[in-house]
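Could you put the whole structure together from the sequences, leaning on the hints where they help?
These protein sequence lines map, in sequence, to chains A and B. Sequential numbering from 1 applies to the first sequence in this note's numbering. Sequential numbering from 1 applies to the second sequence in this note's numbering.
Calculated directly from the structure, the hints in this document are not laboratory data. Treat the hints loosely; a few may be bogus.
Intra- or inter-copy, both count: the list cannot distinguish identical chains.
Derived lysine-lysine pairs resembling DSS-like cross-links, with alpha carbons at most 27 Å apart [said to hold, decoys possible]:
id : residue 1 : residue 2
1  : 143       : 171
2  : 226       : 58
3  : 143       : 226
4  : 226       : 66
5  : 170       : 226
6  : 170       : 190
7  : 163       : 208
8  : 190       : 41
9  : 66        : 170
10 : 143       : 163
11 : 69        : 44
12 : 190       : 208
13 : 58        : 69
14 : 41        : 226
15 : 44        : 58
The chain contents come next:
Number of protein chains: 2
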Amino acid sequence: MLTIIGIGPGDRQYLTIEALEALEESEVIVGYTVYAELVQKFIKDKEYYTTPMTQETKRCEWALEKAAKGRRVALVCSGDSGVYGMASLVYELAENFPSVTIRVIPGITAALSGGAVLGAPLTHDFAVISLSDRLTPLERIEKRLRLAAQADLSIVIYNPGGKNRSDYLKKACEWLLEILPADRVCGYVKNIGREGEESHILTLEELKDTPVDMFTTVFIGNSSTKLINGRMVTPRGYRIGGGN
Amino acid sequence: MLTIIGIGPGDRQYLTIEALEALEESEVIVGYTVYAELVQKFIKDKEYYTTPMTQETKRCEWALEKAAKGRRVALVCSGDSGVYGMASLVYELAENFPSVTIRVIPGITAALSGGAVLGAPLTHDFAVISLSDRLTPLERIEKRLRLAAQADLSIVIYNPGGKNRSDYLKKACEWLLEILPADRVCGYVKNIGREGEESHILTLEELKDTPVDMFTTVFIGNSSTKLINGRMVTPRGYRIGGGN
Numbered sequence: 001m002l003t004i005i006g007i008g009p010g011d012r013q014y015l016t017i018e019a020l021e022a023l024e025e026s027e028v029i030v031g032y033t034v035y036a037e038l039v040q041k042f043i044k045d046k047e048y049y050t051t052p053m054t055q056e057t058k059r060c061e062w063a064l065e066k067a068a069k070g071r072r073v074a075l076v077c078s079g080d081s082g083v084y085g086m087a088s089l090v091y092e093l094a095e096n097f098p099s100v101t102i103r104v105i106p107g108i109t110a111a112l113s114g115g116a117v118l119g120a121p122l123t124h125d126f127a128v129i130s131l132s133d134r135l136t137p138l139e140r141i142e143k144r145l146r147l148a149a150q151a152d153l154s155i156v157i158y159n160p161g162g163k164n165r166s167d168y169l170k171k172a173c174e175w176l177l178e179i180l181p182a183d184r185v186c187g188y189v190k191n192i193g194r195e196g197e198e199s200h201i202l203t204l205e206e207l208k209d210t211p212v213d214m215f216t217t218v219f220i221g222n223s224s225t226k227l228i229n230g231r232m233v234t235p236r237g238y239r240i241g242g243g244n
Numbered sequence: 001m002l003t004i005i006g007i008g009p010g011d012r013q014y015l016t017i018e019a020l021e022a023l024e025e026s027e028v029i030v031g032y033t034v035y036a037e038l039v040q041k042f043i044k045d046k047e048y049y050t051t052p053m054t055q056e057t058k059r060c061e062w063a064l065e066k067a068a069k070g071r072r073v074a075l076v077c078s079g080d081s082g083v084y085g086m087a088s089l090v091y092e093l094a095e096n097f098p099s100v101t102i103r104v105i106p107g108i109t110a111a112l113s114g115g116a117v118l119g120a121p122l123t124h125d126f127a128v129i130s131l132s133d134r135l136t137p138l139e140r141i142e143k144r145l146r147l148a149a150q151a152d153l154s155i156v157i158y159n160p161g162g163k164n165r166s167d168y169l170k171k172a173c174e175w176l177l178e179i180l181p182a183d184r185v186c187g188y189v190k191n192i193g194r195e196g197e198e199s200h201i202l203t204l205e206e207l208k209d210t211p212v213d214m215f216t217t218v219f220i221g222n223s224s225t226k227l228i229n230g231r232m233v234t235p236r237g238y239r240i241g242g243g244n
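Quick look at the structure:
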């Protein structure tokens, strides 16, 4: 049995009860070093196996091998395991491990946890787009950002920065500024739900020159998004269209 | 104090620990009748106030009034309160209740819970779009769907059906079929995490003629999405681009 668990931001309080119970019932916990260490703070006395980033395939194969031998294995991912997480890779690799039962337990992805910190930026239609070009050509990322802006979707940007990608958010903002106004309400959250959490609301023009890292999640508002009492709020339209 | 709580699909196990604790600490629980009744199954001995759908403004104002009088109020929403939920409306209305402290607690939205049931359909970039035209013109919905398809985003459709909107998913599929192939891998989940849960994986052409209701969430794959051992899986690209 292999359970793929989204742990949310990392602290115990952000786990679902289903995720917590699955971790407690597991024998072996597998994950990227940073996230496995977060889990280790509140789930003790388990066998842990961690690999650094770029070792995803090795990590998932190891988890499947252990599960095929009858162990109860939990593979942990930050946020939701189905959003830029390991769930799809496990399903792909599991074709070689037909005996293993796989279960995915959803978790609070950064679009939701970061959105709650900023206010309510995603109350209407939105897109989630990663700026990481490790596995996706940059031209495809550019195309997706441009079309999402044309569609007037709120946009959540995952992986906006990182090693060798320090200017990617600047590039993304430049593309968006060809379509969206410079004063579009935007926001970002660093270290959501963790030590050092900070959040900022600013314009798209200001966002362009903001340094971010891989633990930052960025929010671009849609045409209705506004600043209300220090919060980034995208109305759904109840106050205009009806719903009284 | 007004805490806006996303409860996920509805059963206790899908709550985060943070959400459960906030419900337990509240005095008054406010919500749409259906969801408040789900909460009432596991949070007893509270004062409950419920309103039917289309009474959202009244419900949020009532919650703010109670909170302004010093009560500890929890406003519950299914899924995440920031995704087509009440969070933005509360922030808008709260301008008239400056003394009330507002806190948003994220929850498992249907894109995540439904995705976990189907497999891993959202492991790459995606859009979340509602087909409800109660508060959004249908032309805007059409435009967003078309652009999301052109962007090769996986698409999650919320509110695909309902009273007086029984042909909306058919319309949406017809628009998408002008851009996407008829055999595009799609899926849908009814009553996620509740009694009567059912899920199906099918082609876009087949989806077009599928009857759905307001408790259904629909997933349209991107160009890489495939069926693996009965699961809907959108690869992130680890097996092609690198990451070994």
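Structure-based check of all given hints:
| no. | hint | verdict |
| --- | --- | --- |
| 1 | 143 - 171 | both (12 Å within a copy, 25 Å between copies) |
| 2 | 226 - 58 | between (45 Å within a copy, 22 Å between copies) |
| 3 | 143 - 226 | both (26 Å within a copy, 22 Å between copies) |
| 4 | 226 - 66 | between (50 Å within a copy, 26 Å between copies) |
| 5 | 170 - 226 | within (22 Å within a copy, 34 Å between copies) |
| 6 | 170 - 190 | within (17 Å within a copy, 41 Å between copies) |
| 7 | 163 - 208 | within (18 Å within a copy, 44 Å between copies) |
| 8 | 190 - 41 | within (21 Å within a copy, 36 Å between copies) |
| 9 | 66 - 170 | neither (43 Å within a copy, 45 Å between copies) |
| 10 | 143 - 163 | within (23 Å within a copy, 36 Å between copies) |
| 11 | 69 - 44 | within (22 Å within a copy, 43 Å between copies) |
| 12 | 190 - 208 | within (16 Å within a copy, 41 Å between copies) |
| 13 | 58 - 69 | within (17 Å within a copy, 56 Å between copies) |
| 14 | 41 - 226 | neither (39 Å within a copy, 37 Å between copies) |
| 15 | 44 - 58 | within (24 Å within a copy, 47 Å between copies) |
This entry does not satisfy hints 9 and 14, going by the numbered hints stated previously.
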